[in-house]
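Letter by letter, the chains look like this.
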Amino acid sequence: MRGTTRTIAVAGVSAFAMLTAACSGSSTETTSTTSGSGSNSSSSSEAPAAAGGEIVVHGCTPENPLIASNTSETCGGNILDTITAKLVHYNSETAEPEMDIAEDIKTDDNQNFTVTLKDYKFSDGTPVTSKSFVDAWNYAAYGPNGQGGSYFFGPIEGFADLQCTGTDEKTACEGEGAPKAKELTGLKVVDDKTFTIKTTEKVSNLPVRLGYTAFAPQPDAFFKDAEAFGKAPIGAGPFKFESWTEGQSIVVVKNADYSGANAGKLDKITFKIYQDTDAAYNDLLAGQIDVLDAIPVSALIDDKYKTDLGERNAQRETGVIQYIGMNPKADPSLAKPEIRKAISMAIDRDTINKAIFNNTRVPATGWVSPVVDGYQKDVCGEACVYDAAKAKAALDAAGGYSGKLTLTYNGDGDHKAWTEATCNSIKDALGIDCTATPTVDFKTFLTGLGKGEIKGLFRMGWQMDYPSIENFLAPIYTAGADSNYFNYNNPEFEKLLKEAAGADGLDAANAKYQEAEKVIAADMPTIPMYYGKATMGYSEKIGNFAITPFGVPDFSSISVK
Amino acid sequence: MSESAVLVEGAEAQAAGGDVGDARSLGADAWRSLRKSPFFWVSAVLILIFLLMAIWPSLFTSTDPTKAVLKEARSRPSDAAWFGRDIQGYDIYARVIYGARASILVGVLTTVFTVLLGGAIGTLAAYAGGWVDSLVSRITDIFFAIPLLLGAILFMAALSGTMTGYFGVIFKVVMALTLLGWPSLARLMRSSVLQVLPNDYVQAARALGASPWRIIRSHIIPNAMGPMIVVSTINLGAYIAAEATLSFLGIGLTPPVISWGVSINDAIVGLRTTPHMLLFPSLFLSITVLAFIMLGDAIRDAFDPKSR
Amino acid sequence: MGKYIVRRLLQMIPVIIGTTFLIFYMVFAMPGDPTAGKCGERPCSAAYIQKYRAEHNLDDPLPIQYGKYVAKLAQGDLGTNQYGVKVKDDLQKRYLVTGKLALMAIAVEVVVGILAGILAGIRKGKFVDNLVLVSTLFVISIPVFVIGALAQYFIGVRTGLFPVTVSSKATFYELTMPALVLGSLSIAYVARLTRTNLVENLRADYVRTAIAKGLSRRRAVGLHALRNSMIPVITFVGFDFGALLGGAIVTERIFNIQGVGGYIFRGIQMRDGVAVVGAVTALVIIYLFVNLLVDILYGVLDPRISHE
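Residue numbers (the numbering used here), protein chains in the order written: chain A, 1 to 561; chain B, 1001 to 1308; chain C, 2001 to 2308.
One chain only, chain A, in its complex shape (with noise of 0.2 Å):
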């Protein structure tokens, strides 16, 4: 649960080139097209490597079965992203999404799309068919199958038919509630290698989303026995599932059967799981692991860790923002959008990223993170700029507060020292009484969230799914979204969203999604804290480490001395 504080994490940044050749129709070849940015491509694309070495490295338990369309958390999420190969591929380097197992997807109309696929092979030897990706996405948006990813297949034609409508909690799926459909309508198969997807309306960044984790390919024995598939899984990406002890350590080794552009240098990986980080980076120092995925706070303190392992650490920006949520339903009294932004006005974020985080995160400016194409500078404004004085003003022209602020975080994660330190600077610029609260853990914290019961200012955060602007924005904001904890509903930022989805061309998209963002800024419903930054480090075993732009160690570039 600590450090679950993600929602999924693949690999990417920018759908540069991919949408605009599949928005405007014009053209088809889309595989690994460099979009201007003029980057190198990724050390993962380069001929295979030479094989060798056995790394370990520090894992957490996966939430769920090991099945893609099941997973949306990070422990599982990574795991499954090394075992499995999606239709795209995001550039461990610079996150352009690239054609993987599909040999492209054509569309004329960003409705209607056309995937043909390359010849793949599962581990287990089967061959990767449109039958392969059909079957598995069916399953996964069929809802009495309870799949945790299904949210991705929204966008899918007849997805609704798909799901149950009872509104009996317990009995959802039974009688009247029972889905109407049990496949997607949108989606058929031609031949083999051919099959078309059809949006229930149009979706500009489809291609970009279908590098996902849930979007993966499941082989047959998937349908046969989906439960003892869940414990040994089997898929068709540069690693192969070996072992899963619960609570001790996951294996994966080289699958010999790949034939795509990833494969992994690496012979075996071992995902050994710690309860704390504090012990696996201790494991570290003592050589036991070769690759800690995030250094504890005790040791970024005061970099320690550049003195504790030297040349051995790598950092990197990556898609993720921490910010500070609070539902005006459950607390009239921060209705205002005005309140809210004095609020973040009083926060100094600079120096609590320098006292908490050692530097380690990037003072946030607007919603979206800078990894992303589309990100768009300081949208937040003078809004997240601290200014004590000018934040006083701002709060006794909104009408002033009265009474007591609680800032909630989960006592089981590692939120206290910042929290804590953001309750001080509102108190001291506005004079506040702001208190730090942690609920007992992470669960209690998210149903009392769900539920809309805390009241005040509370943590939260997100990890993009998939490359794009727009998931930074619809999954969040939209009027009862999912994660929209919020309780925001603005038809004007719906609309431009929907504007967004159908428009014609990626810039166009853009910058629809972008006036989109500046609503969410004029109304503040969350207050940006940060961007995330991965701060990683390695034994010295390794010779060649990369970190992802999902802060995700690079498993296919990552090699031994």
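Just so you know, the hints here were simulated from the structure itself, not pulled from any lab data.
Careful, some of the hints might be misleading.
[What the hints assert, rightly or not] No farther apart than 27 Å at their CA atoms in a straight line, the calculated lysine-lysine pairs in the DSSO-like style are these:
#, chain 1, residue 1, chain 2, residue 2
1, B, K1067, A, K392
2, A, K224, A, K202
3, A, K392, B, K1071
[Claimed, not checked] Negatives, chain C to chain B, calculated, CB over 10 Å:
#, residue
4, P2034
5, I2064
6, Q2065
7, A2071
8, G2079
9, T2159
10, E2174
11, T2196
12, R2208
13, V2280
Beta carbons: idealized from backbone N, C-alpha and C, even for Gly.
Given chain A, work out where chains B and C should sit, using these hints.
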């Protein structure tokens, strides 16, 4: 607060006095021997200082312990902040002074409650014997088996949102620790009472027709208290430290309460870089624990009817 | 004696039923939905929640859930946890590790604690006595996570004397450092209990008589005084063993030991009722046996206590 601890000791002393039949001279005896003990004086003075700190912290510092100077976070001891500043930029000296109240309250209250509850239940089980003993002992077993964390999380969660005031927050932690701490004392007390029961003076009192209450109060408790006093004076320190461990697991004292345990927990990240944040609250905790145990020891020795 | 043991064994049945129900109820009453967090920070879909609840019988009312559980338990089936792993298999593995660690920690505290207690007791009031007091208490007043972190860094990482963490094999060598940390917490109790009882017993008539009759002081201490001083110590060690079997959550976490504490901790966090109840039930059974053993030992150590 330590008054209540002394009260327990005092009760023992009085009961012991009843045993001998001349309370005043025993008290005088005790005082005479206490006066000569350097341990008594050192610990008494220390406890007095800590109590003063707990009751009247502003006597020791004029700095506001909730005033954070984040820019100077983790700065080392200096003229401006004698013990340096912690990770939030709070003045550690002021935090330590203001933390005394909560820490001592948690330690003393939990000790008193567990002694009262555990002592009473243990004595009852051993004295009554038979099915009462079996029943009580098995209930003790059930409570003992509940993992501390499960009990504490549940307790805290059940009461979350309520009792958010200063004393409410402390009371919740005290209750959680008591709920899970009494079975061990009950079991210990039961074993001591079992050992005392066969003694001649108990049999004699019974033969003379003394009421059970009188036998327990005058003969059994004074003679069976020893091990429990030993364990619970150590417990006092352990509970203060346990509060820090609860914080470590995310279910300890919460703001607005300032305590040594919370300070220690916040400082652990600086173990290797800025250990002064950890040192001062730990030092105060250790000294307090030592003082309480030394005092308990000295008083126990002085009042022990068997030592004469 | 035989009858007594049979009676105690029979009493275990209601205790097991009582505990499982209590724990079942507690996990049931925990706030926070079991599916919260299963899908990251995004709430899980209604379909996911419904499927999950159906698979884990979460929609049944508590008595029915409990009834289903006990019916299986009676056949020796502890059920499967959230991950579909048999709780029995998990527990077997983990109790081996935890049991080993607990025994090692107990060995540390018994050997060091009793030796220190004897030294302090026969040299009461001398330097050695005070040294034992101060050093053992100093350890107890530091929260366990601080001791653990210090030991891990300075003994493990810096000197490399012992492994930093414990692998899934949990060898004797790997467990040495965690056992020292765990044992050190209880040394103070064992030493103090031994000392106090020894001092008391050394004054007792039978020891004086023994010495007067010409027994060497060494023999008198070893044979008579010490034996009679062991009852509270054994009681303490007995419940400490029970506590170690279920409660070394912090130590297990710091040294990454795959033991029962971590299992229960994770079970609680995941709201995995079956795992928690299974682990705690096993714990209760072991604890009851330890208690029975302790009670039988009372009779052996002090012939005046009878179990008839």
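Practice item. Decide, holds or violated, for the assertion that all CB atoms of chain B are farther than 10 Å from the CB of C/E2174. Key: With a cut-off of 10 Å, C/E2174 remains clear of chain B, as the shortest Cβ separation is near 22 Å.
Exercise for review: Would you check the hint for A/K224 and A/K202, treating anything up to 27 Å between C-alpha atoms as holding?
Suggested key: violated, 34 Å
**Study point:** Given as non-interface: C/A2071, which should sit over 10 Å from chain B by C-beta
**Key:** holds, 21 Å
Review point. C/Q2065: least C-beta distance to chain B exceeds 10 Å?
Key: C/Q2065 clear of chain B: closest Cβ-Cβ about 17 Å, beyond 10 Å.
Point to revise | Given as non-interface: C/V2280, partner chain B, CB spacing beyond 10 Å | key: Non-interface label on C/V2280 violated, nearest chain B Cβ at 6 Å vs cutoff 10 Å.
Review point. Would the pair A/K392 and B/K1071 pass a check requiring their Cα atoms to be no farther apart than 27 Å?
Key: holds, 20 Å
Review point. Is it correct that the beta-carbon of C/G2079 has no partner in chain B closer than or equal to 10 Å?
Key: holds, 18 Å
Review point. Is B/K1067 close enough to A/K392, meaning Cα to Cα at most 27 Å?
Key: With Cα atoms ~18 Å apart, B/K1067 and A/K392 stay inside 27 Å; holds.
Point to revise | Nearest-CB test (10 Å) between chain B and C/T2196 | key: violated, 5 Å
**Study point:** Assertion that C/P2034 lies outside the chain B interface [Cβ separation over 10 Å]
**Key:** At roughly 14 Å from the nearest Cβ of chain B, C/P2034 sits farther out than 10 Å, so the non-interface label holds.
Point to revise | Least C-beta distance from C/I2064 to chain B larger than 10 Å | key: Given a closest Cβ separation of 22 Å, the condition holds.
**Study point:** Exclusion check [C/T2159 not at the chain B interface, CB over 10 Å]
**Key:** It holds; C/T2159 is separated from chain B by about 15 Å at its closest Cβ, greater than 10 Å.
The structure fails to meet hints 2, 11, 13 from the earlier list, while all remaining hints are met.
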